[in-house]
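4 protein chains.
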Amino acid sequence: MKKFRTAVFGTGFVGRVHLEGIRRLGYVQLAAIGEPQIEKAQHLADEFGAERAEADYRKVLEDPSIDAVHVCTPNFLHFPIAKDAIQAGKHVLCEKPLATSVEEGRQLVALAREHKRRNATFHNLRYYPMVQQMRRMREDGDLGEILVVQGTYSQDWLLYDTDWNWRLVAKENGPSRCLADIGSHWCDMAEHVTGLRITSVCADLQTFHKTRKQPKGPIETFAGKTLRPEDYIETPIDTEDFGAVVFRMGDRTRGSFVASQVSAGRKNRLSLEIYGTKGGVSWDQEKPDELWIGQRNSANQVMVKDPSLLKPKARPFADLPGGHSEGYDDTFKQVFRRFYRSIGDPGEEPDYPQFADGLRGLQILEAEMQSHKQHAWVDVA
Amino acid sequence: MKKFRTAVFGTGFVGRVHLEGIRRLGYVQLAAIGEPQIEKAQHLADEFGAERAEADYRKVLEDPSIDAVHVCTPNFLHFPIAKDAIQAGKHVLCEKPLATSVEEGRQLVALAREHKRRNATFHNLRYYPMVQQMRRMREDGDLGEILVVQGTYSQDWLLYDTDWNWRLVAKENGPSRCLADIGSHWCDMAEHVTGLRITSVCADLQTFHKTRKQPKGPIETFAGKTLRPEDYIETPIDTEDFGAVVFRMGDRTRGSFVASQVSAGRKNRLSLEIYGTKGGVSWDQEKPDELWIGQRNSANQVMVKDPSLLKPKARPFADLPGGHSEGYDDTFKQVFRRFYRSIGDPGEEPDYPQFADGLRGLQILEAEMQSHKQHAWVDVA
Amino acid sequence: MKKFRTAVFGTGFVGRVHLEGIRRLGYVQLAAIGEPQIEKAQHLADEFGAERAEADYRKVLEDPSIDAVHVCTPNFLHFPIAKDAIQAGKHVLCEKPLATSVEEGRQLVALAREHKRRNATFHNLRYYPMVQQMRRMREDGDLGEILVVQGTYSQDWLLYDTDWNWRLVAKENGPSRCLADIGSHWCDMAEHVTGLRITSVCADLQTFHKTRKQPKGPIETFAGKTLRPEDYIETPIDTEDFGAVVFRMGDRTRGSFVASQVSAGRKNRLSLEIYGTKGGVSWDQEKPDELWIGQRNSANQVMVKDPSLLKPKARPFADLPGGHSEGYDDTFKQVFRRFYRSIGDPGEEPDYPQFADGLRGLQILEAEMQSHKQHAWVDVA
Amino acid sequence: MKKFRTAVFGTGFVGRVHLEGIRRLGYVQLAAIGEPQIEKAQHLADEFGAERAEADYRKVLEDPSIDAVHVCTPNFLHFPIAKDAIQAGKHVLCEKPLATSVEEGRQLVALAREHKRRNATFHNLRYYPMVQQMRRMREDGDLGEILVVQGTYSQDWLLYDTDWNWRLVAKENGPSRCLADIGSHWCDMAEHVTGLRITSVCADLQTFHKTRKQPKGPIETFAGKTLRPEDYIETPIDTEDFGAVVFRMGDRTRGSFVASQVSAGRKNRLSLEIYGTKGGVSWDQEKPDELWIGQRNSANQVMVKDPSLLKPKARPFADLPGGHSEGYDDTFKQVFRRFYRSIGDPGEEPDYPQFADGLRGLQILEAEMQSHKQHAWVDVA
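Chains A, B, C and D are the protein sequences, given in the same order.
So the first sequence is numbered by this note's numbering: it starts at 1 and just counts up by one.
So the second sequence is numbered by this note's numbering: it starts at 1 and just counts up by one.
So the third sequence is numbered by this note's numbering: it starts at 1 and just counts up by one.
So the fourth sequence is numbered by this note's numbering: it starts at 1 and just counts up by one.
Worth flagging that the hints you see were computed from the coordinates, not collected in a lab.
Worth double-checking, as some hints may not be accurate.
Since the list can't tell identical chains apart, any single copy or any two copies may satisfy a pair.
Unchecked claim - Derived DSS-like pairs (lysine-lysine); straight-line CA-CA distance at most 30 Å:
1) K116 x K2
2) K2 x K59
3) K278 x K313
4) K40 x K3
5) K287 x K313
6) K3 x K116
7) K213 x K2
8) K210 x K278
9) K40 x K213
Bear in mind the structure is a predicted one, so any value in this text is a computation, not a measurement.
With the sequences and hints as input, model every part of the structure.
Structure (structure tokens):
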């Protein structure tokens with residue numbers, strides 16, 4: 001089996017999940033962890049058996065033995081690091097959003113094509129087995145022609161004005177927060193599953209907390225929920241807590257979604273519902289192993305994840321037998337497996353989201369932001 | 001106990017539910033059924049023990065012994081019949097929509113005030129015990145300040161172009177179908193539960209089937225699902241199958257809903273989710289005895305309908321002990337009970353939706369229709 | 001339409017539900033309410049439009065104009081009243097348990113046969129639309145040969161030792177409480193749906209509270225949950241709070257159920273699961289409009305109650321269109337409708353549980369009690 | 001960080017899950033895979049980066065550099081291999097059942113004690129975060145005194161007589177199948193969570209298929225569902241498809257469970273319900289991230305897995321933030337992490353099931369088998 005050598009840049013919540021996910025593939029060697037906080041990098045290198053830790057990611061890029069890198073830094077660093085990595089000849093798997101502007105996204109797509117490097121934007125949520133089942137049902141015509149697409153991505157981790165995170169800082173996060181961070185996952189999944197494009201949007205954003213209480217020390221993403229800081233700075237917030245969007249997918253299909261980081265009780269609820277002329281499907285990330293299948297003239301179905309019941313093309317995304325749950329971590333493994341396989345086989349058609357998909361997300365986001373500012377419908381580029 | 005005499009006009013699906021619901025109140029006597037199809041009226045009078053059947057509702061209005069009338073006819077007749085009834089001195093309980101235009105609605109509100117008659121627009125769905133629980137939680141401040149209101153009213157009974165019903169004919173139904181028929185229930189419930197007003201809307205409507213196959217003979221509402229007609233007329237459709245709406249409730253609260261009559265597998269799913277600064281609630285008409293209560297810092301709750309757990313002001317809407325389900329029919333009983341009590345006690349503040357609430361629904365609907373036509377945001381009058 | 005005249009004996013929780021249910025049938029006149037607490041009887045007669053109230057049920061039985069009676073008294077009175085009523089020539093609908101011993105049950109079956117009177121034991125829970133759907137699926141062979149039958153009937157209204165009710169007094173209730181009151185519903189439904197007979201049982205009963213705090217004044221069934229009495233009597237309890245049963249249905253089919261009145265959070269959860277060689281079904285009374293259908297080689301189904309999806313023979317038990325919930329009250333209407341129809345048509349095969357079914361329940365109960373006492377398997381007579 | 005070297009014996013379904021789970025711990029090196037089918041072993045060694053593959057596990061045991069071994073072979077080999085491994089000085093993590101008889105189990109417990117080796121019986125299902133939450137709630141007294149314990153472990157992978165697997169062969173599997181394979185998981189979890197012991201049982205077993213169609217070639221566990229063999233041997237089956245058990249846990253607590261491998265639609269449903277004097281809990285392995293918490297005097301709760309909501313002692317079993325699902329694979333990681341930590345720290349109290357727990361399971365199983373044979377209650381040793 002062909003072996004690969006890789007590096008991970010960034011060691012926040014998601015960097016750690018990447019590290020563990022890479023380990024599950026016995027044929028990918030963790031060559032390096034890049035992270036300015038070097039002690040943290042060294043600690044993780046020890047825990048996950050990485051060969052070395054570097055404060056400066058450029059040092060890692062100079063190592064010719066390394067095939068690929070995972071970019072798991074704060075958003076504003078995605079673009080410069082991915083750019084440098086591609087130019088250093090590395091294959092790049094970049095966390096979403098791919099960049100903080102459409103223009104940056106376009107550059108990365110062009111660079112990757114020019115350098116013929118494998119490139120992925122990490123919309124991992126596509127790769128729950130049941131999401132792939134929806135996709136394949138649509139491809140096989142089980143849903144008929146798509147009429148209605150609706151849903152929500154709701155969380156509650158930023159409900160209180162005492163909740164704080166680097167994502168609240170536009171400089172590190174980019175100009176959109178809720179729609180960029182979770183709305184983009186929803187749109188990516190909606191387009192991936194339906195095979196249709198969002199062509200115009202009318203978006204309404206809201207920043208419920210105009211200021212938030214910023215703690216003086218650094219905190220980890222998501223850790224804010226149990227944090228009880230002694231000392232805050234009242235800080236103005238210029239990114240949205242919430243967005244509601246109605247959209248069109250061409251002349252016929254219509255849809256709507258809500259993204260929110262302030263919906264009490266919803267921890268990580270990405271729900272996607274698709275209704276076509278022959279049937280409907282509904283899926284919720286908080287119960288990822290279940291797929292609801294709606295039917296007009298017979299009983300609805302609730303499929304429990306079971307490889308023997310999945311469409312042949314969805315089956316390879318489920319590693320465990322029926323009723324043995326596969327979770328969030330497992331979607332990482334599924335993407336990594338396909339990403340490295342495609343590095344090893346230049347002829348293979350990638351079955352993972354590429355930079356072009358990341359750019360697509362940025363274009364939708366740009367239209368949403370513009371729609372909100374203009375209080376009007378806007379076409380997606 | 002004071003006794004009342006009443007009449008029901010219209011004998012379709014909902015007329016029949018009114019008849020049975022009235023019977024459950026032992027102190028309301030069914031004096032008459034009014035319906036142009038006189039055999040049908042006579043048959044129902046026999047089944048439900050009504051004293052007489054009349055083809056012409058005016059005959060019934062002439063009877064001075066009758067206290068109140070229920071208007072259950074096709075929509076376009078609501079206005080003229082309700083108007084005549086009020087002018088004849090009857091108390092009037094009218095099915096929704098109250099009328100087919102804002103102007104008609106205004107007239108009815110004025111007439112009822114002038115004649116001092118009890119008046120109800122039949123938004124019965126408010127009166128599921130768990131909807132009242134949501135309302136009382138909000139009133140007690142359990143949800144804090146309302147931030148997000150979202151949901152859907154989805155059905156599938158008009159999914160196929162072979163589905164036919166009088167509601168598809170704008171002349172009988174009014175100019176809006178999906179938003180008027182079910183969207184109006186959603187908006188009424190959202191305003192009732194939150195205590196807030198929808199102040200502006202951006203709506204996108206769609207008529208997926210531009211023509212439908214109209215059977216040559218008459219059919220009952222909902223019966224189309226099993227109908228297999230030999231002969232159809234291809235008939236143009238000018239009312240919407242679907243509407244998606246983003247809306248604002250004042251400066252702070254934001255929301256969105258989807259109404260659809262073509263969503264395969266959804267039989268009668270009115271789901272309403274409300275998120276405030278302290279907690280969230282979510283309810284689905286297909287499981288009316290359950291209420292989800294979302295919390296950020298403790299486990300979410302799922303309340304099973306149980307009078308001993310309900311807020312004191314919600315408790316009178318639940319007649320049965322915990323876990324004994326109360327359904328759609330039971331909401332009729334709850335409204336009827338309060339409507340007749342208020343006739344008997346002129347000093348009682350009505351706890352049911354009045355003509356003014358019906359008018360409110362027509363105003364929202366008008367804004368939605370206008371928004372769609374203008375492809376732009378529109379303020380609600 | 002043929003009209004009937006009826007009377008209700010007993011005015012506790014379930015008596016009231018009978019009264020309201022009878023009213024829904026316009027062709028059944030409430031001739032009398034019999035109840036020793038005459039003011040209560042008069043109050044209900046006024047509320048439900050009954051012609052008269054009587055303290056002594058015998059007075060009612062003397063009225064030759066009355067066709068039928070509903071026996072809704074405490075359990076120990078079922079036998080004497082039902083006996084007198086049959087002998088007075090009335091058709092009898094008796095609440096369950098039919099009697100407090102097998103011997104009494106046998107007498108009632110014989111008397112009803114001798115006097116050729118219509119007779120019903122009120123196992124109304126069979127008549128939820130989805131329970132009838134299970135029954136008809138089994139009859140049509142959709143489940144194949146039945147292998148496994150399991151489930152539970154769990155409530156929590158007697159969890160605390162401060163919970164009190166007449167059912168706790170063996171003299172009024174009979175020697176078994178939990179198995180007689182709710183276990184009997186489970187067994188009746190299991191036999192009704194499977195068409196099989198429970199042939200032997202091993203039962204283990206438990207009285208968790210050996211004494212309870214009895215309030216000095218009378219209280220209504222179920223009202224104990226909010227009661228805060230000032231004064232209790234510590235009273236020994238000799239009926240069970242709980243029973244677990246493994247059973248056989250002939251040589252092949254195996255099963256098990258748990259009945260409990262002390263299971264916190266379960267309000268009225270009768271769940272029944274049946275697995276056959278071709279498929280499985282599962283139903284829960286707390287969500288009566290849903291039926292889970294299990295399949296090995298395709299996705300499971302969750303049927304929302306919808307007449308157009310029900311088996312033809314289950315369809316008449318659903319009065320409302322898809323997704324319009326039908327609840328506990330509605331099962332009463334379904335039984336009453338069939339009971340009175342069968343009075344009017346002596347040739348009609350009853351489609352409701354008769355005294356013979358009530359006797360059957362007493363026989364299973366007797367075997368369960370004996371099994372517990374002997375700490376051994378016992379055959380059902 | 002201390003590093004460990006380990007080996008895995010057996011490469012069926014569960015062996016593979018062990019391999020991948022071990023990889024997730026960066027500080028455990030896969031030194032060897034032992035498996036008579038040497039090509040399979042070599043293939044997996046390549047895929048998971050193991051240093052070598054051996055047909056004979058004894059060769060691996062001879063390697064003094066290896067600290068620990070995972071025994072993932074068919075059941076009948078657990079005892080001899082675990083015995084040899086302990087005697088070779090290895091720490092041993094053995095799949096359940098620990099052995100095929102109580103006597104073998106006793107020997108292993110004694111050997112491990114004598115050789116002072118860390119020993120685990122792999123009841124991994126305890127280590128879903130929500131199962132640990134139940135355990136800690138009970139320890140903290142949130143449930144009060146336990147009254148009722150009930151549930152089921154139901155699967156459908158052996159529903160048809162054409163389903164075949166090595167587990168059907170008593171010689172490889174041991175004398176009990178359904179109760180040993182899945183019933184033992186249920187009992188282990190019930191005792192672990194309640195902290196109580198099953199003291200007596202009445203069990204009823206059933207072999208629905210007295211013969212099965214055995215395919216002539218070898219097949220993988222669970223693969224039978226899609227297999228379409230050309231040629232079968234009609235083979236007598238002497239292990240059970242189903243078991244129903246009523247049990248006592250001391251003088252007060254009562255319970256019941258059903259284990260079945262023939263329940264259509266149930267893929268891997270381990271449901272455990274526990275009701276105490278203060279509250280109840282219910283959990284289902286098919287939705288592992290949810291915990292139902294039943295309450296008498298307030299709304300029930302449904303906790304979504306969220307570290308910030310978990311009891312402090314349950315929190316370390318959840319690696320991901322709220323609403324990010326953790327599945328079956330993740331329970332392996334949790335056990336492995338604690339097992340290796342305890343090897344590195346001889347003073348650490350093991351927080352994983354040991355051989356003694358495996359022996360306990362065998363004792364319950366023995367009582368169940370004896371109870372079935374005697375058709376009577378039997379005390380657990």
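Query raised in the report: Between K2 and K59, at a C-alpha cutoff of 30 Å, which is it: within one copy, between copies, both, or neither?
Result: both (25 Å within a copy, 28 Å between copies)
Requested in this report: Go through the copies and call it for K278 and K313: within, between, both or neither, with a Cα cutoff of 30 Å.
Outcome: Close inside one copy (21 Å) and across copies (27 Å); limit 30 Å.
Query - K40 and K3: within-copy, between-copy, both or neither at 30 Å Cα - result: Answer is both: 27 Å inside a copy and 19 Å across each meet the 30 Å cutoff.
Report task. Go through the copies and call it for K287 and K313: within, between, both or neither, with a Cα cutoff of 30 Å. Result -> Answer is both; intra-copy 21 Å and inter-copy 24 Å each pass.
**Report entry** Identical-chain pair category, K213 with K2, by Cα at 30 Å
**Finding:** Neither. Shortest intra-copy (50 Å) and inter-copy (41 Å) distances fail the 30 Å Cα cut-off.
Query raised in the report: What label fits K3 with K116 when the C-alpha limit is 30 Å: within, between, both, or neither?
Result: For K3 and K116, the Cα distance is within 30 Å only inside one copy (20 Å; across copies 39 Å).
Query - Homomeric proximity label, K40 with K213: Cα distance no greater than 30 Å - result: within (26 Å within a copy, 58 Å between copies)
Requested in this report: Using 30 Å as the alpha carbon limit, work out where K116 and K2 are close: within a copy, between copies, both or neither.
Outcome: within (20 Å within a copy, 41 Å between copies)
Report task. Give the relationship of K210 and K278 under a CA distance limit of 30 Å: within one copy only, between copies only, both, or neither. Result -> Between. Shortest inter-copy distance 17 Å satisfies the 30 Å Cα cut-off; intra-copy 45 Å does not.
Hint compliance for this structure: hint 7 alone is broken.
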